[in-house]
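Student: With chain U held as given, fit chain D onto it using these hints.
The listed protein sequences correspond, in order, to chains U and D.
Each residue of the first sequence is one higher than the last, beginning at 1 in the working numbering.
Each residue of the second sequence is one higher than the last, beginning at 1 in the working numbering.
Simulated from the structure, these hints should not be mistaken for laboratory data.
Please note: incorrect hints may appear among the correct ones.
What the hints assert, rightly or not - Pair ranges (Cβ atoms, derived): (1) D/R289 with U/A294: 44 to 50 angstroms; (2) D/R458 with U/D230: 35 to 41 angstroms; (3) U/T288 with D/Y342: 44 to 50 angstroms; (4) D/N262 with U/D230: 31 to 37 angstroms; (5) D/R704 with U/A254: 23 to 29 angstroms; (6) U/T288 with D/R605: 54 to 60 angstroms; (7) D/E707 with U/P255: 33 to 39 angstroms.
What the hints assert, rightly or not - Partial chain U-side listing against chain D, Cβ under 7 angstroms, derived: (8) G202; (9) K207; (10) R222; (11) T274; (12) Q297; (13) L300; (14) D307.
Built from N, CA and C at the ideal position, the CB exists for glycine as well.
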Amino acid sequence: MTRYARHTGTVLAVWIAIAAGHIGQGAESATNAEAAPSSPAAPRTRMLVVTGLGGEAEYARAFEAQGEASARNAEAPGTEVTLLTEGDATREAIRDALVGIVKQSAKADAVIVQLYGHGTFDGEHYRFNVPGPDPTAADLAAWLAPVAARRQLVVIATSASGAAQEPLHQEGRTVITATRHGRERDASLFGGFWTDALDAPGADIDKDRRISAEEAFRFAERAVAGFYEDQQLMVTEHPRLEGDAGLFIVGRIAPSERVEPGVVHLASRVEELTNAIDALKADRRVLTDDDYFARLQDLLMELATVDQQLKAHQQDPDEVDAAFREDVDR
Amino acid sequence: MRTVSVLLAMAVAMVAHADPLGECRQLEISDREAARTCYLDLLSNPSAAIRAEAAWALGNVQVANRAFRTAVEAAPGDAAVKVRWGELFLSTYQVADAEALFGEALAIDPDNVAARLGLARVALGRFEARAKKIVEDVLAANPDNLRAKLLAARLALEVGDDEAAAKMLEAPLESDDIRLRLEAMALGAAIDHLRGSAPSPWEAEALDIHPGYGELFETVAHFYIITRRYREAITALERAVEVHPTLWTAHATLGINLLRVNRFDEARRALTRAHDGDPYNVEVVNTLRLLDSLDGWDALVGDDVILRMHPDESGALSGYVRRLVVDAVATVGERYGYVPDYPVVVELYPRHQDFAVRTSGLPGIGVLGVAFGDVVLMDSPAARSIEEGFDWASALWHEVAHVITLGATNNLVSRWFSEGVSVFEEWQTGPSRFHADEAAQGAARYRAMPIGVVEAHREAEMLPVAVLDEGFIRPKYPGQVMVSYNQAGLLCEFIAHAYGQAALSRVLDAYRDGRDTVGALESALGVAPEAVDEAFAAYLDERFAGIDPAAFEAAMEEAANLASKDDWVAVARSARRAAENYPNAVGPNSPYPVLADAAERQGHRHAAVAALMRYWHAGGRSPTTLDRLAGWLDDAGRHEDALAVRRSLALVAPLAIENRMRLGDGLLAAGEPRDALQEYLAAKSLDPHDAADAHYRLARAYHRLDETADARRHILLALEIAPRFEDALSLLLEINE
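Extracted from the complex, chain U is given alone in its bound form:
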């Protein structure tokens, strides 16, 4: 077992980027902007990444790189990562790792499992190919069943992985598979594109500098389709997402930044404005275009102004703090 070294004692980064509206509380510790230092009550994200048998050297290298990229990108937001690579990734090791997660996780936590490699489907069972006996989708479902965390994400980037959707289905669990069903048996490209997305600016649709599982999935889904179209090949995989993947952060494109005490009020305002924009977007149908865009502009102008103040603070904190104190005094 390779314990991804830097996860223990991770400081829960608090970002300037206050949680966007679609990121639910607790899905990632970092979304709790004001929760500064780590505390036992702070929600955590625990992630297990497993790379299975490659069969051929080229696949083995690719799967290992995918696992490494997943672990590396998830590590930054303060997620606890366990990485099992080909030789160590036996059925027992996977089970033990999940048992460990079961013991540690609380309801408010999030659990993410990502599997990279080859999968098979015999018409009844999906199997993830590892050294020794292969774990089935039913095994994974059984091992995950006692996990207390309400938010669970399982990503299976293997051939035939669509067959795992049904066994893994559970309320509160999001399941992403490389294929629509078990009959898509060819080696899958999805995992490569998924891990590409984890630090790709182009995948960051909402520009919050973080990559949600939803964003990574959409990026990879499109890339897979584009590949087959460009190569004029028959499409042998159709990625599938069941659940709310927007609840999980799986990568980022910029390092997180701590919110300094002097600008907490600005960070709070950013969050309020972001939420107000989401609320306005939800009401769009009942507004005229003119009214909608006028209100949107007002909110965005204020957001832009606050954003500038935050940037200015990064450049010259003392000056901004002084200005803030003057504001408070007034």
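Tutor: Below, chain D without anything else, positioned relative to chain U:
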């Protein structure tokens, strides 16, 4: 043509089954209703072969097919019945089945002339060179065979040899067999039309014999079509269906040719009539389906250009297409003294199958695009990419050059010369034109030709200019069409080199005046075609001097082996040797990217850039390579060069969003916000994954253009998607300052 073939075959049948069918056949000419009654009576004839003929004559091909099967089962050794069954398949467009039955007939009777001529007709329909050989063999063994003479006349006329064709028709025109005589008259009429002598006296004479003989006009139309004179073909086909309203093949051909001159509504009506009468014509079915799908296309009508494009592509391509067409018309038009005063119609097909349906029926059409007079049809870059060798922008330039040469000569230009000018203009003035290295010597001064062309010259496989059209219409070896295209381009290059650019215009003028190739070259250049061939060969000797394909291949292979060992000094040496043995090669096996890679790995960025600049100047257009070059140029601060390379890149791969975005960025940085805006709009139309970023870039361009309302709209759209988008927030403040 098919109907005439059927008539020919019917004549065969008259010999084989003369007694029961003869009367009905005779009545077909004089009294159609009586002929119908006659055939109906024959449906109860005890002979299955006769029942088959009767059902076929009455238009019930399924009954005819079943009856032929019965006849063959009853007499499996009867070659004549198999030939007739094959003829039935041929008439219903099932050419492979027909070919098999003719083969079976020949297995029974190797000397069966009807079967051999059946195979010749199959080859004729496919524009295969073996058609001529089969007919020549039949005539060698049977010098008086009239049906063979008719096919020989047709073949001669297809390559423009009207004198040979007329000679072949002499005997059939004297035949006692009315049907053979009628077909000979049809071909005689075609000769007259091609010679510019219309109407032909044969028309009245044939209609006197057979007032419903629309096949004559169908034959005339066929020869107009293969010489690209679609308007004349339409007139002939209208006459064909006027005298023979149930001649469904003529309705079909009329519909397809109306499409070629952009008369869509009339085309649909003609095709619908053809389909109502003959539902087995796959060409008609496909074209009608295509027309249905075209209903949802964007039609962008301008004074100079009318574009018909798929809505998914028009936003990304229409700007480039319009600009290319306008530039090509102006540039090529000026060089040849003819600028059309009508708009050029361009249709781009994202699915190659649709393009094929739209263009079917033209011999030796090649695969890149086609110009029907002022209507240009092409695969769009979505159908095939630059990696597959399809430089769509250059191909469009090529087709527009056809519009010029066809228009300048009223479609009288020969195939080889029209292709030659188009190819030559791609090389000289097109968007992927060749830029010579001033310091280069020998073959390095010229654009590289495919190795096959060099070899065709060295092995004396190039055709004499007087018969070069045959290389397009009925190629005799694989790759001859490609060789012929390049030979034609090289001939024009040679003429411009030896006689001046104006000589090419004089050749065009001569064609316009009705001269054939021999006459055109003699009048424009003052020399016989044989002298042109001789001087051209000498020109190619010099142009190809030093090119050593074997040494090139060996050096490239060596470079690949050395690269696998990371010996980059030796790789560079091998790649340089490859470039010396085959200068300016920019195909998939080009030495320049290899050379660049080797230089880069040795830390010689300057040399790497130089290698790729040569690649680009020589016409190399691999997107990966150009992207690398542009990046290096930007790194070196050569932004102007980088921008020029990015323009090439976006042009060859215009549906790649990233290419359009980066070009837009380069243009914006270079102070060209209007052009940048067009690139960003194109990118946005391609539905980019990162929509917020696309709106942001549009907002930047509009802001630079002081078009504040649009700038504000797009920045709000960007931020609506991504409220935390810092650059966009900053721009919002800037816009609202």
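Student: Of the hints stated earlier, which fail here?
Tutor: none
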